[in-house]
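Each chain, letter by letter, is given below.
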Amino acid sequence: MTAPDARALLEVRDLRTHFVQSQGLFGRRTAVVRAVDGVSFDVFPGETLGIVGESGCGKTTLGRTILRLVEPTSGSIRFDGTDLLALKGSGLRAMRRHLQIIFQDPFSSLNPRLTIGATIKEGLTVHRLAEGSAADTRVRQLLDEVGLRPEYASRYPHEFSGGQRQRVGIARALAVEPRLIVCDEPVSALDVSVQAQVINLLQDLQRDRGLTYIFIAHDLSVVEHMATRVAVMYLGRIVELATGDDLYREPVMPYTQALLSAVPVPDPTRARGRIVLRGDVPSPADPPSGCVFHPRCHHPSRDAACERLVPPLEEKGRDGETAVGHGDTGAGIVHLAACIKQSPTSVSAAAQQAAGGTHAAIRYLPTAALGIRSES
Amino acid sequence: MTDPLLRVEHLRTYFHSPAGIARAVDDVSFSIGRGETVGVVGESGCGKSVTALSLLRLIQAPGRIEAGSHIWFEGRDLLTLGAEDIRQVRGNRIAMIFQEPMTALNPVFTVGDQIAEVARVHDGASRKAAWERAVEMLALVGIPSPRERASNYPHQMSGGMRQRVLIAMALVMNPALLIADEPTTALDVTIQAQILELLAKVQQAFGTAILLITHDLGVVAETASRVVVMYGGQVVEEAPVRTLFADPGHPYTKGLMQAMPRVGMNRERLTTIPGSVPPPTAWPTGCRFRDRCGFAWPRCEAEAPALVPISAGHAARCHLAEVDRPPEAAPANAARST
Chain A
453 MTAPDARALL
463 EVRDLRTHFV
473 QSQGLFGRRT
483 AVVRAVDGVS
493 FDVFPGETLG
503 IVGESGCGKT
513 TLGRTILRLV
523 EPTSGSIRFD
533 GTDLLALKGS
543 GLRAMRRHLQ
553 IIFQDPFSSL
563 NPRLTIGATI
573 KEGLTVHRLA
583 EGSAADTRVR
593 QLLDEVGLRP
603 EYASRYPHEF
613 SGGQRQRVGI
623 ARALAVEPRL
633 IVCDEPVSAL
643 DVSVQAQVIN
653 LLQDLQRDRG
663 LTYIFIAHDL
673 SVVEHMATRV
683 AVMYLGRIVE
693 LATGDDLYRE
703 PVMPYTQALL
713 SAVPVPDPTR
723 ARGRIVLRGD
733 VPSPADPPSG
743 CVFHPRCHHP
753 SRDAACERLV
763 PPLEEKGRDG
773 ETAVGHGDTG
783 AGIVHLAACI
793 KQSPTSVSAA
803 AQQAAGGTHA
813 AIRYLPTAAL
823 GIRSES
Chain B
150 MTDPLLRVEH
160 LRTYFHSPAG
170 IARAVDDVSF
180 SIGRGETVGV
190 VGESGCGKSV
200 TALSLLRLIQ
210 APGRIEAGSH
220 IWFEGRDLLT
230 LGAEDIRQVR
240 GNRIAMIFQE
250 PMTALNPVFT
260 VGDQIAEVAR
270 VHDGASRKAA
280 WERAVEMLAL
290 VGIPSPRERA
300 SNYPHQMSGG
310 MRQRVLIAMA
320 LVMNPALLIA
330 DEPTTALDVT
340 IQAQILELLA
350 KVQQAFGTAI
360 LLITHDLGVV
370 AETASRVVVM
380 YGGQVVEEAP
390 VRTLFADPGH
400 PYTKGLMQAM
410 PRVGMNRERL
420 TTIPGSVPPP
430 TAWPTGCRFR
440 DRCGFAWPRC
450 EAEAPALVPI
460 SAGHAARCHL
470 AEVDRPPEAA
480 PANAARST
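Here the protein sequences line up with chains A and B, keeping their order.
Each residue of the first sequence is one higher than the last, beginning at 453 in our numbering.
Each residue of the second sequence is one higher than the last, beginning at 150 in our numbering.
It should be emphasised that the hints constitute simulated quantities derived from the structure, not laboratory data.
Ideal placement from N, C-alpha and C gives every residue a C-beta, glycine not left out.
Okay, the calculated bits of chain A under chain B, using three or more residues with CB under 8 Å as the criterion:
| no. | segment |
| --- | --- |
| 1 | 644 to 653 |
| 2 | 699 to 713 |
| 3 | 724 to 730 |
Based on the sequences and whatever the hints tell you, model everything.
Quick look at the structure:
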């Protein structure tokens with residue numbers, strides 16, 4: 453956990469990444485896919501910020517935009533006070549040493565023609581961190597640190613299993629001694645027993661090296677296990693952001709409630725309700741107006757105001773409690789969610805009525821979404 | 150269980166190649182009662198998918214179902230049927246849905262045509278009647294505006310809808326057994342919830358037995374009444390679902406449960422199973438799990454354990470199950486540091 457006055461390592465403000473897509477036979481019609489659409493958050497040194505959401509929610513694009521592997525449309529990204537979007541050429545390359553990524557697919561993210569030693573050494577050479585035999589020694593050390601035998605350095609990726617390849621990907625990222633690592637679904641391609649090995653490795657490395665992670669995953673159990681704070685994304689936006697403890701104990705945004713209630717629990721004695729959402733996620737090229745979740749929402753107060761007003765990501769706290777006093781997120785951020793029907797809300801009843809609203813904001817916490825995390 | 154719907158006996162499916170014989174499924178026996186849901190759980194390479202394909206005799210060369218294997222279904226051994234007879238069973242009495250709803254559908258035919266084809270082939274339905282049947286099936290699996298959607302091509306549908314289409318196709322002939330091979334693995338969790346709910350609804354309405362193949366213990370806990378755990382081409386444990394989760398009898402099952410982060414568990418360190426699954430061409434001698442097992446002792450290498458009954462319907466392939474005490478209380482000399 454981070455001290456409340458800690459300065460953010462990464463500050464993301466109103467980030468948007470839109471893609472222009474050609475449609476039609478000759479590509480004459482175009483559509484704008486709003487993959488990331490106005491996202492703001494901080495990441496504090498030494499923490500793991502989990503980002504969860506379903507396919508197409510923009511979590512992967514967000515991770516890549518932070519590293520400038522994809523260029524944003526607008527917004528700002530500051531890393532340790534430096535404006536990342538203002539960097540070019542050698543300045544950007546130098547900065548990349550501090551920001552690394554671990555990819556989902558250990559099969560396609562390693563160059564099949566390079567030995568894994570050469571892959572790991574590349575970063576050392578590019579950033580002039582070590583040369584010659586010093587670099588080779590470093591590679592062997594790194595392999596040892598991620599639980600692979602040093603003599604594997606001369607082998608090729610195809611000689612390794614998925615779990616071993618993911619360890620190589622981690623060693624590659626660690627080689628340049630980064631401060632922040634974006635982990636994009638690092639364990640979702642792995643079997644359960646191997647997944648646990650890689651999760652433990654990532655946690656050990658974080659503890660030993662003081663690393664900061666942005667951990668992107670669709671698996672809510674894995675994210676809860678890894679993350680200090682969790683951001684939930686839906687259609688390019690963050691719809692809820694809280695400590696893992698608060699989010700899993702009392703999800704406020706109706707989408708998060710449904711998402712959590714849908715996780716199958718490996719305990720046949722625990723019968724519980726489930727919020728089954730209607731339909732599919734709408735296209736990010738044509739997101740719904742107002743609250744992007746309104747067409748699928750199960751909140752009993754959902755009304756016309758939800759279709760017209762864009763809900764701010766605002767403090768929700770616990771019922772009857774003030775914002776201060778619990779949670780330890782380092783930014784005074786306690787429990788943010790984007791829903792004008794969950795009280796408290798800054799969108800007044802008058803404003804909601806003016807937008808056609810007929811129902812008052814209430815505190816709606818369906819039992820199917822609670823009790824997922826047992827207070828032990 | 151006096152008369153199970155399906156009884157698999159000593160199933161062995163081997164793949165013969167110059168590199169050796171891959172014993173993907175190696176003497177597997179289990180049964181499914183009418184209307185029952187049995188979960189088959191295991192990791193990549195444990196033989197669960199090959200078992201499923203073997204049931205419908207969909208194994209292609211160099212794979213072969215070896216002599217001595219039996220698949221008893223509705224009074225007949227499916228392995229003795231001729232080509233035409235087995236075709237009558239497939240899609241008619243036993244249907245299958247696959248993991249990848251993207252690749253299991255033909256991209257150049259409408260989903261309505263593909264569902265209708267089942268009714269025409271198996272039921273001899275007319276073109277028009279078959280199309281009506283397709284629309285009806287799409288409505289049954291919860292596709293909105295089924296009449297319009299029947300004219301869609303697969304690429305016009307989302308992953309969840311395509312999986313619904315596959316389920317519709319599987320149910321056209323009201324099969325007695327539905328084999329679902331990782332039916333929700335490619336889907337998001339909220340869509341997975343929709344599909345699992347649909348399968349439960351279908352089972353209640355039609356009394357279909359379901360063989361659910363999955364790597365996800367959470368999915369099994371919520372859907373199956375009985376579970377078969379596979380490792381190294383063998384059944385290593387079989388139990389009613391509650392028994393399995395309350396009192397796993399095999400160190401591998403126990404390891405899988407501990408290795409899984411679960412929502413609600415605190416951020417304690419995960420217990421791992423060391424190493425990885427050995428290749429099917431070279432299973433270890435004796436117990437196939439012994440290299441990765443924290444409780445292995447000399448007997449595990451010397452002698453392959455049998456499936457030992459523990460209690461009613463519960464059996465585990467482990468020498469320690471025989472000793473009549475839980476693995477924690479294994480002999481001191483048996484424990485091995487991991």
